[in-house]
Amino acid sequence: MLSSDLLLAVALGYVIILFTVAFVGDRRARRGGSRWLRSPLVYTLSISVYCTSWTFYGAVGSAARSGLEFVTIYLGPTLVFVGWWWCLRKLVRIGRVHRITSIADLISSRYGKSPSLAVVVTLIAIAATTPYIALQLQSVTLSFAAITGATEEYRSAFWVAAGMAAFTILFGTRSIDANERHHGVVAAIAVEAVVKLVALLAIGVFAVWGLGGGVTAIFAEMPGDMIEVEKIFGPRWVTLTFLSAVAVLCLPRQFQVTVVENADERHLVTASWMFPLYLFLMSLFVIPIAIAGMAFLPPGSNPDLFVLNLPLAHGQDALALLAFIGGFSSATSMVIVAAIALSTMVSNHMVAPFAIKILMKGNAASGDVRELLLASRRVSIGIILGLGYVYYELSGGTGALAATGLIAFVGVAQILPSMLGGIFWRGATRAGALAGLCGGGTLWLYTLFLPSLGPDGLLPTMWLIDGPFGIALLRPQALLGLAGADPIVHATVWSLGVNAVLFIGVSAMSRIEPLDRLQGALFIDVFRSPEGESHRFIRREAASEDLYVLAQRILGAGPARALFKELAQAQGVVRGLPNPTDALIARLERELSGSIGAASAHAMVTRAAGGEVISLTDLMDIADETQRLIETSARLADKTRELERTAAELRKVNERLRRLDRQKDDFLSQVSHELRTPMTSIRSFAEILRSDASLAPGEMRRFTSIIHDEALRLTRLLDEILDISRLEAGHAAIPLRPVVLADALSGSIDTVSALAREAGVTITADPPPRELWVSADSDRLRQVLINLLSNAIRYNTAAEPRIELRWRADGARVEVDVADNGGGVSRAEAEDIFAKFWRGSRAVEGQGAGLGLPISRAIMRRMGGDLSVVFEDDGTSFFRISLANSDRHPQRRTAAAE
Amino acid sequence: MTGRRRPFQREGRPADPGLGVRKARDAALALPLIGMILTMPPVAQIFAIDAEIGGVPVVLGYVFGVWLLLVIGARATGKRILDTETLPEPRAQAGKDAGSDAEA
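Chains A and B supply the protein sequences, listed in that same order.
First residue of the first sequence: 1, per the UniProt record's numbering; consecutive thereafter.
First residue of the second sequence: 1, per the UniProt record's numbering; consecutive thereafter.
In short, the hints are calculated from the structure, not lab data.
Nothing here was measured: the structure is a model prediction, and the numbers come from that model.
It cannot be assumed that every hint is accurate.
Straight-line Cα separation of at most 25 Å, SDA-like style, residue types lysine to any residue; simulated pairs [said to hold, decoys possible]:
#  : chain 1 : residue 1 : chain 2 : residue 2
1  : A       : 231       : A       : 482
2  : A       : 639       : B       : 22
3  : A       : 664       : A       : 482
4  : A       : 90        : B       : 25
5  : B       : 23        : A       : 653
6  : A       : 565       : A       : 541
7  : A       : 231       : B       : 20
8  : A       : 231       : B       : 55
9  : B       : 79        : A       : 41
10 : B       : 23        : A       : 266
11 : B       : 79        : A       : 39
12 : A       : 231       : B       : 47
13 : B       : 23        : A       : 638
14 : A       : 90        : B       : 21
15 : A       : 664       : A       : 653
16 : A       : 231       : B       : 53
17 : A       : 90        : B       : 46
18 : A       : 90        : B       : 20
19 : A       : 231       : B       : 49
20 : B       : 23        : A       : 631
21 : A       : 231       : B       : 85
22 : B       : 23        : A       : 277
23 : B       : 79        : A       : 40
24 : A       : 90        : B       : 85
25 : B       : 79        : B       : 25
26 : A       : 231       : B       : 44
Here chain B stands alone, though its shape is the one from the complex:
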């Protein structure tokens, strides 16, 4: 391994392959829960105040801000998942599908 060393990795020992996978999975599981907590009462209620920032109501900015953070979080998590997981190969190309032979 060059450059970045994973934390807790000991010299002369292969890195635990399960650690990265588990972390990515945990992140994927946690993200929607965080989103739910932030967008549902009572947490969201905290930001339901009659005030404005730069002309935009605070509650509007809050909801859209959380939304954007969820998008960014999902993108980061997705990248990690793709790095660590082995997802199955795509389905056979349509040209090899049995159904399309009818027209062939």
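Chain A extracted, bound-state conformation:
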């Protein structure tokens, strides 16, 4: 046993340390040099205010009573934080854009800045937090009694409550921050988070390795019925996980640390895994500690105190003291943050509306509203802790910690439908939210809260057993005869079910007020609308002086002066007050709502500025915004695809242009080269003739004929070049008339027959019938055929060179193939051979300029046909010309002409 004096001294010392941390934290934050204070780690640790003494003591108690079930309380928050992208991200952004000060402020601001909704949410939050605070008082009192052996629990509970109230007032209400943020408190909470984690881990290590003798050994001590595998994953498992997930969103203190105190949205990313990790570590040793408690402590010990009694019973006083500090940490951090969050709600939503009335009547001095609000916060902290104490006394302070905590969870869960509906559903209305909250809240009070006070609490005992006035259907714990269900599951299903049905049903039936609709659109589209653009839709008029006086009264003289100076500078006003534009009024309202909540700020500004006019056309605009955005993005996607297509085409065209440019360069250099060769020989022979008079006549004639031949070759070349450029430019019109294909073929073969004989090439042809007419120019067709045949003769390297001419008429088209056994062209060369001046790998120098094939192809195309290389399956190739079949008989045409 430790003495109560020592324990008090330790507790007091610990509180002083916390206070110092908070004080230093506040000062450093004010100086702006608090990088550490604004780190994601501190943010995450402050969120772990979720782990109260319910976790520290109650989880082990819950594990000893119902096995694995305690895990649900931490699984829910884990899922919410792991899934931060769904909901938390939006809440944090809305909180930041709209300067939300509490969860009641969020609900009220969303539903048209309704003061009545804010009051209802505040009342539900207070009612739900009361058992939760009682739980903390109970645990601190129990732990104190367990260590010192004291028995006067109620008295010590009262002093614990009083001490905590004083502590919270000192901590949390030293000033009203413009954004309702408490850097010092957050720092202290972070320290407490580390303390409770270290304490619980230390007890866990002591239980497993100090007492149990290792992991396997401790689990060997586990009672057989501790984890009932068949019953674990039942309705209670699902309900409790759901409730804890909801609680981490809706508990006023969780909303305070997660949304209101958030300084940087990126911290949420870190918290999304670090907070679940914290919960994991807190839960890791719970089962082993529970096993150790059942195995090594005398039967009948309170399982909620295993954490404390294990080291105490084994003479580990230092460890017991650490456990006490850990439990104390868990309790104080919860009470401080919850009381701050609730007192903010009370002062902003219940006191401020009255303050406005007083203020508007008399000539109150500057900053007096601040003073009034601060005072009201201090008083409400006292009242909230007082309520907790009353609940503790009424409920007898005997219930299991976890059972008490769950009552609070079901209570705050009533806020969920209005909150989720508010940030995701455009159709949600103020009336719907009000109906849902009131209906659900009442059912929660009736089915869970009041019965929890015990048979001799606020409800007559007979009501619990037989129902009010003997009506069995209205029994609080078996409503409409739904008996047999677990009380928590029963209350959750009834209260949340009725809540959601009323919320949706009344929303669907009621009219949406303009301001309701505007706020709804701003909340739901918070990621798409730029910050603070609500002034676009609201028209108000006010005198700058009135606004300035208002700001002074709420914010205090200094901040108001600074704000108006900044606003004036932004407007470009050098001296005096800024112009009262709609944007300025909206900005002022936002600043004020950061201090006193949206509803009160709205009421105050409305009093100064007169009634607002919400432009209906603008409202329609934002109502249509989603639709418009969808259309815009679809159009954008179309445009992108189109652009991509155009870009691909452009790339292709560009590629082709570059190739053509290269070909033009090649062509020019080829032309010059081709022209040079004959020119050079002409010039050199001409020089010989001019300079050497003593040449023999035979020699002279030979030279002259060479010059003559070369000149002819030059002319031919120039003709060809001229020809091809005319053909390609499309200047040379080729008149088409029916031609007997058989004549063209035989004529061409005759022309090359001498050449063929010379080269020893056999030409076999399959003569087409004389009735086969093609549409062509006879001379040009022969030119092409002769060119193909002479190529086949010239470049044929086979031992027994052969050329075969085949033809085929296929309806409208006639095809003529020129095949030889000379190896043909390779697939790689197939397109190149039609390039100008290209000579195949088997070309012999001096034979042709490489213009024959391109000219032939150009001719064929001008005649509506084509010339191409066709590959057989075995890799050999031949040339194919195709032409249009002429259905008109020349005689008939001639006859018609005559």
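Assemble the complex: chain A is given as a structure, and chain B must be docked to it using the hints.
Using the frame of chain A, we list chain B on its own:
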């Protein structure tokens, strides 16, 4: 780009900037759903058997194992989100807040 090339990225074309963002978002949306499926009946019921591994009941190991995997998954997803998303700048430093001028 050096080193790792994103899949489906074609040569000479800038990588689709939306792909990474979408994937990270999808992961962030899917993770809690996976967690929910694994920790709720009927899937969790599969592991509710009266057996032990190394002295630890299977169901206990399963629940805590899924929990740890969720933590690891959330950390990986968070990293991707921070790489691909542009989250807004932090709020103004407290020293510049209007409220603290009162004491200044």
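So, going through the hints one by one against the coordinates:
1. With a C-alpha separation of about 21 Å, the suggested pairing of residue 231 of chain A with residue 482 of chain A holds against the 25 Å cut-off.
2. A threshold of 25 Å between alpha carbons decides the hint, and for residue 639 of chain A with residue 22 of chain B the separation of about 20 Å falls inside it, so the pair holds.
3. Taking the CA atoms of residue 664 of chain A and residue 482 of chain A, the gap is about 93 Å. The hint is violated against a cut of 25 Å.
4. At roughly 14 Å between alpha-carbon atoms, residue 90 of chain A and residue 25 of chain B fall within 25 Å of each other, so this suggested pair holds.
5. Taken as a hint, the residue 23 of chain B and residue 653 of chain A pair is broken in the structure, with Cα atoms around 35 Å apart against an allowance of 25 Å.
6. The suggested pairing of residue 565 of chain A with residue 541 of chain A holds, with an alpha-carbon distance near 20 Å, which does not exceed 25 Å.
7. For the hint linking residue 231 of chain A to residue 20 of chain B, the alpha-carbon distance of about 43 Å lies beyond 25 Å, and the restraint is violated.
8. Between the alpha carbons of residue 231 of chain A and residue 55 of chain B the distance comes to roughly 21 Å, so the proposed pair stays at or under 25 Å and holds.
9. A hinted pair counts as satisfied when its Cα atoms are at most 25 Å apart, and residue 79 of chain B with residue 41 of chain A qualifies at roughly 15 Å.
10. At most 25 Å may separate the alpha-carbon atoms for a hinted pair to count; residue 23 of chain B and residue 266 of chain A meet this at roughly 18 Å.
11. Of the pairs offered as hints, the one joining residue 79 of chain B and residue 39 of chain A holds, with about 16 Å between alpha carbons and a cut-off of 25 Å not exceeded.
12. A threshold of 25 Å between alpha carbons decides the hint, and for residue 231 of chain A with residue 47 of chain B the separation of about 12 Å falls inside it, so the pair holds.
13. Straight-line distance between C-alpha atoms of residue 23 of chain B and residue 638 of chain A comes to about 22 Å, which keeps the hinted pair within the 25 Å bound.
14. Proposed proximity of residue 90 of chain A and residue 21 of chain B is supported: the alpha carbons are some 18 Å apart, at most 25 Å.
15. As the CA atoms of residue 664 of chain A and residue 653 of chain A are separated by approximately 16 Å, the hinted pair is consistent with the 25 Å bound.
16. Note on residue 231 of chain A and residue 53 of chain B: the hinted pairing holds, with a Cα-Cα distance of about 20 Å set against a maximum of 25 Å.
17. With a CA separation close to 35 Å, the supplied pair residue 90 of chain A and residue 46 of chain B exceeds the 25 Å bound.
18. Of the pairs offered as hints, the one joining residue 90 of chain A and residue 20 of chain B holds, with about 21 Å between alpha carbons and a cut-off of 25 Å not exceeded.
19. Under the criterion of a C-alpha separation no larger than 25 Å, the hint pairing residue 231 of chain A with residue 49 of chain B is consistent with the structure, at around 11 Å.
20. Between the alpha carbons of residue 23 of chain B and residue 631 of chain A the distance comes to roughly 23 Å, so the proposed pair stays at or under 25 Å and holds.
21. Taken as a hint, the residue 231 of chain A and residue 85 of chain B pair is broken in the structure, with Cα atoms around 43 Å apart against an allowance of 25 Å.
22. Restraint check: the Cα-Cα separation between residue 23 of chain B and residue 277 of chain A comes to about 24 Å, which is no more than 25 Å; the hinted pair holds.
23. With a CA separation close to 14 Å, the supplied pair residue 79 of chain B and residue 40 of chain A stays within the 25 Å bound.
24. The suggested pairing of residue 90 of chain A with residue 85 of chain B holds, with an alpha-carbon distance near 15 Å, which does not exceed 25 Å.
25. Between residue 79 of chain B and residue 25 of chain B the alpha-carbon distance is near 11 Å, which keeps this suggested pair within the 25 Å criterion.
26. Annotation: proposed proximity of residue 231 of chain A to residue 44 of chain B holds, straight-line Cα distance about 12 Å (limit 25 Å).
Hint compliance for this structure: hints 3, 5, 7, 17, 21 are broken, all remaining hints hold.
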